[in-house]
Structures are given as C-alpha cells and as structure tokens.
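Residue numbers (our numbering), protein chains in the order written: chain A, 1 to 321; chain B, 1 to 202.
No lab work stands behind these hints: they were computed from the structure. Take the hints with a grain of salt, since some may be wrong.
Simulated coverage check for chain B against chain A, where a stretch passes if three residues somewhere in it have a Cβ under 8 Å from a Cβ of chain A [unchecked claim]:
1. 44 to 50
2. 146 to 152
3. 169 to 175
All of these numbers come straight from a predicted model, not from anything done at the bench. We put the beta carbon where it would ideally sit given N, CA and C, even for glycine.
Chain by chain, the residues run as shown.
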Amino acid sequence: MLIRVKQKSTPAPSEIASEAEYQNRRSFIRSMGFVGASTLLGGTACAQENPPETRSLGPLLKSQYSTDQTVNSYADVTQYNNFYEFGTGKEDPYEYSGQFKPLPWSVRIEGAADITGDFSYEDIIQSHALEERIYRMRCVEAWSMVIPWVGIPLADVLKRFKPTSNAKYVSFETVYRPSQMPGQRRPILDWPYREGLTIEEAMNPLTILAVGVFGKSLPNQNGAPLRLVVPWKYGFKSIKSINKIGFTETQPATTWNDAGAYEYGFYANVNPEVDHPRWSQARERRIGGGLFDAKQPTLMFNGYADEVAGLYSGLDLQRNF
Amino acid sequence: MTLVPGKQQIRFIIKPIVFVLAMLPLALLCLRIFNIYGSGLGPNPIETVQDYLGIWGLRFILISLAITPAAWLIKKPWPIRLRRMLGLFAFTYCLLHFLAWLILDQSLDISAIISDVIKRPFITLGTLALLLLIPLAVTSTKGWQIRLGARWANLHRLVYPAAILICWHYYWQVKLDTIDALLYCAVLAALLGVRLWKRRRL
Numbered sequence: 001m002l003i004r005v006k007q008k009s010t011p012a013p014s015e016i017a018s019e020a021e022y023q024n025r026r027s028f029i030r031s032m033g034f035v036g037a038s039t040l041l042g043g044t045a046c047a048q049e050n051p052p053e054t055r056s057l058g059p060l061l062k063s064q065y066s067t068d069q070t071v072n073s074y075a076d077v078t079q080y081n082n083f084y085e086f087g088t089g090k091e092d093p094y095e096y097s098g099q100f101k102p103l104p105w106s107v108r109i110e111g112a113a114d115i116t117g118d119f120s121y122e123d124i125i126q127s128h129a130l131e132e133r134i135y136r137m138r139c140v141e142a143w144s145m146v147i148p149w150v151g152i153p154l155a156d157v158l159k160r161f162k163p164t165s166n167a168k169y170v171s172f173e174t175v176y177r178p179s180q181m182p183g184q185r186r187p188i189l190d191w192p193y194r195e196g197l198t199i200e201e202a203m204n205p206l207t208i209l210a211v212g213v214f215g216k217s218l219p220n221q222n223g224a225p226l227r228l229v230v231p232w233k234y235g236f237k238s239i240k241s242i243n244k245i246g247f248t249e250t251q252p253a254t255t256w257n258d259a260g261a262y263e264y265g266f267y268a269n270v271n272p273e274v275d276h277p278r279w280s281q282a283r284e285r286r287i288g289g290g291l292f293d294a295k296q297p298t299l300m301f302n303g304y305a306d307e308v309a310g311l312y313s314g315l316d317l318q319r320n321f
Numbered sequence: 001m002t003l004v005p006g007k008q009q010i011r012f013i014i015k016p017i018v019f020v021l022a023m024l025p026l027a028l029l030c031l032r033i034f035n036i037y038g039s040g041l042g043p044n045p046i047e048t049v050q051d052y053l054g055i056w057g058l059r060f061i062l063i064s065l066a067i068t069p070a071a072w073l074i075k076k077p078w079p080i081r082l083r084r085m086l087g088l089f090a091f092t093y094c095l096l097h098f099l100a101w102l103i104l105d106q107s108l109d110i111s112a113i114i115s116d117v118i119k120r121p122f123i124t125l126g127t128l129a130l131l132l133l134i135p136l137a138v139t140s141t142k143g144w145q146i147r148l149g150a151r152w153a154n155l156h157r158l159v160y161p162a163a164i165l166i167c168w169h170y171y172w173q174v175k176l177d178t179i180d181a182l183l184y185c186a187v188l189a190a191l192l193g194v195r196l197w198k199r200r201r202l
C-alpha cells in the first residue's frame with residue numbers, strides 16, 4: 001500500500017497564480033458579460049479553489065533521452081492543457097479538475113498476455129525505479145513545450161504481464177467518471193478516450209508511463225495518476241488517466257481517429273511534411289516565448305528520428321499519417 | 001415618446017458613450033498586455049490576443065447588423081445613426097485581428113503567409129472577409145455616401161457575405177468543440193433571416 005505523504009513544501013498550482021489573480025481573471029470575463037457557451041454547458045463543475053496537493057516523488061534517475069532544451073514553467077505545463085474530459089478550453093483542465101480523485105487507482109490489464117486482471121497503481125509502479133525524462137511535447141495544434149516528466153519505460157511494465165506473440169498492438173483507455181470529469185458530460189468525443197500503439201512503439205525505450213512532472217506526482221489536469229508519454233507523436237496519443245491497458249492482435253480504435261479519420265491518423269507521428277488538412281505542421285509555437293516570439297521549424301518525429309525512424313521503414317508516412 | 005433622443009443628444013451623449021464602450025475591449029486588452037489588469041495573457045499570449053481581437057471583430061459585426069432590426073423593433077430610426085461607428089469598430093477589430101496574425105503569429109514571413117492564405121480554407125475565408133470590409137470602411141464617410149448615391153447602399157450590402165465568411169472562418173478554425181461558433185452562426189442567421197422576412201412582407 002502506498003502511504004501518501006503530503007509535503008507542506010510542495011508548491012500547489014495555486015501558488016503560481018495567486019488566488020487573487022485567479023479570481024480577478026474570472027471576474028474580468030464575467031464583467032465583460034461573455035462566458036463561452038461551452039463553459040456554460042460544462043455543467044456544475046466548480047473552479048479549482050484548492051487544488052489537490054501533489055507529492056514529491058523522491059530521487060529520480062537521469063536519462064540519456066532527456067533534452068537539454070529550456071524547460072517550460074510549471075504554470076505553462078499545468079495551466080495550458082488539452083484534456084477534454086475537463087472541458088475543451090486550454091485552462092479548463094486546470095480550473096475544473098479539482099474534484100477528480102486519482103488515488104486509489106486500479107488498471108485493468110487484458111488481452112493477449114499471460115498475466116491479466118486488475119492491478120493497483122502501486123502494483124504497477126512500485127517495483128520500478130522512477131526516471132526523469134525531459135521531453136519535447138508537440139501538440140497537433142502546432143504548439144509545443146518542453147516538459148520534465150517522471151515515469152518508467154512502458155516496456156518494463158508491459159513485459160511483466162508477459163504479452164503473447166498475438167500481442168501486435170497495445171490499447172489504452174482513460175477512466176470514465178463524468179461525476180468528477182465535467183467534460184465527459186458532453187458528447188464532444190466518444191468517451192471513454194481510447195488510444196493505441198503498435199507493440200514495437202509501445203516497447204520503444206522512449207515510450208514511458210508517466211506518473212509525475214517537475215519531480216512531483218501528476219496534477220489532475222496532466223493526467224493523474226498515470227499517463228502515457230510518446231514524445232515523437234502528437235500529444236493526443238499520450239493518453240491520460242489510464243485505467244485499462246489491452247494487448248490486441250488488430251489495430252485498436254482510437255478516439256481522435258474515430259472523431260475525424262481524415263484529420264487524425266492512427267500513427268500521428270510528428271511530421272512537418274504532412275499538414276493537418278486545416279493548418280500547416282511545418283512550424284510550431286513554443287509556449288512561453290511571449291508576444292513577439294517567432295515560430296520554430298517542426299522536426300521529423302519531433303526530433304526523435306534517430307530513436308524511432310527505424311520503426312517506420314517501408315511505411316508510406318504520407319498515407320499512414 | 002420622450003425616450004426618442006434628439007439629434008444633439010445622439011451626437012453629444014449617446015455616440016460618445018457608445019464610442020467609449022466600443023473601445024473598452026481594446027483598452028482592457030492593452031491593460032492585460034502590460035499586466036496592469038487581469039492575470040496577463042496566459043501561456044500562449046499570441047493565441048490569446050489573436051482570438052480576443054477576432055471574437056470582438058465578429059461581435060461588432062453582429063452588433064452593427066443588429067442596429068437595423070433594432071430600429072424596426074422600436075419603430076424609430078435613431079439607432080441607425082450609430083451604425084457607421086459600430087461598423088467601423090467591427091472593421092478595426094477585424095483588421096487588428098488580421099495584423100496580429102500577420103505580425104505576431106506569422107512574424108511577417110511573407111512566403112508562409114501567402115501559402116497559408118492559399119492552402120488553409122479558413123484563412124482564405126477570413127482574408128476574403130477582410131477584403132470585402134475594406135471598401136465599406138473607405139466609403140463610410142458622408143462624402144462617399146453622396147458621391148455614390150444609390151450605389152452606396154448596394155455596395156454596403158457586402159457586409160452580409162462578409163459576415164457569413166467571418167462566421168464560417170470561425171467555425172472552420174475550431175478543432176472540435178464548435179458550439180460557441182455555432183451560437184454566433186445562429187445569431188447571424190437570425191439577423192439575416194429577419195431581413196429576408198421583412199423584405200417578403202413588403
């Protein structure tokens with residue numbers, strides 16, 4: 001059993017944006033008399049007044065895969081998120097995830113593996129050493145950040161369940177809890193959120209199961225308590241708050257692909273040469289740069305080509321976007 | 001009815017008030033940019049500025065299109081006197097939105113701008129809408145009104161296709177959650193619909 005040690009020294013997100021600033025911003029919007037309809041329809045969620053504390057994760061291994069690029073601020077990483085389960089606005093996950101209870105947590109392992117069943121968060125994580133992985137994160141919306149994740153290689157976790165030779169793909173599912181996730185009360189996407197990888201992608205050493213950021217456990221808005229991070233793919237592949245992992249023989253259905261196959265492929269590898277039908281993917285905006293910061297060129301596989309290009313040799317990436 | 005304002009009241013009281021109100025969104029944005037008011041522009045300030053100016057452009061287009069039906073509703077012509085100013089504010093916010101995209105988002109990278117205008121349907125629509133609004137802003141003066149005579153009213157009907165393009169531009173730009181965009185489209189549809197309805201009845 002994991003004993004949750006709350007450390008008083010751990011800064012809460014509310015310490016980055018003070019309560020006063022936060023309240024002031026809402027009243028600004030209210031004073032203008034306009035609140036987005038999506039917010040209004042979001043239901044009864046109350047704003048995050050006392051965000052749940054995150055806990056320190058202790059000593060972390062360094063990784064050769066970490067980038068030395070400048071890391072984004074804690075506020076950037078925790079207050080500018082796409083996590084439609086908490087609303088479709090970028091600030092919604094920060095504001096409306098306060099009711100979510102990430103622990104206790106259990107993950108169902110199913111499909112083509114010798115060991116399947118329900119496992120607690122601790123069962124999954126405990127026997128592994130936590131690593132810090134500072135990765136670039138490139139959103140399909142053409143913005144990016146540099147985020148210091150804490151996690152474990154997904155391969156190390158998956159191997160413990162002894163996948164069989166039939167396991168060609170790995171599927172993932174986000175928890176469905178409309179009472180705690182106000183965004184799920186609207187049928188924006190076909191809940192629960194689903195993602196998938198080929199077994200080779202899942203076993204690649206870059207792919208991690210993340211449990212933290214900035215040396216602390218994941219805040220709710222970042223996918224607590226357990227999420228995927230696949231740094232060479234667009235951010236939507238890195239599914240959050242995972243409570244189901246399956247080994248499958250056929251390609252699993254994935255949420256954004258279902259929502260618009262023409263715009264979001266199964267692979268969703270970062271590729272500056274394959275544009276989104278409605279916008280260019282050639283350049284990206286690095287968050288945190290200020291008003292006059294120019295966009296920067298997007299790199300093939302988000303700059304991780306050396307590690308992953310081999311996974312796709314012979315595959316037509318224009319077609320399999 | 002005593003509620004009908006006279007020419008002087010419109011000129012010296014109502015117009016200045018409307019002017020100040022219409023400047024308010026821009027003023028508040030400036031205060032946010034310089035961190036005097038609110039909590040800044042957030043992690044993606046360029047997106048914030050661009051979206052903010054764009055949505056206010058659309059709002060002022062809708063507000064100026066609401067003036068004529070409002071005058072019909074109260075059966076008094078005086079609100080028409082506010083229409084030019086509101087229309088010019090609509091143009092100003094749309095132009096600032098376009099400039100924010102040009103300068104902040106694209107950093108004046110001409111080749112990227114041209115390829116975006118050609119290749120991205122929603123940007124094509126937005127650019128087209130702004131081009132339609134330019135002659136309206138230019139000919140908004142009394143002098144042009146006299147010079148163009150009857151053609152002036154015809155020319156200014158370009159605001160209808162421009163408004164449709166702007167709504168479409170907004171709708172197409174949204175990744176998935178289109179409900180806000182659809183609400184604006186519904187307001188525009190109502191404002192255009194009431195005109196068609198009125199014409200049929202005449």
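Each hint tested on the structure:
1. 44 to 50: holds (count 5)
2. 146 to 152: violated (count 0)
3. 169 to 175: holds (count 3)
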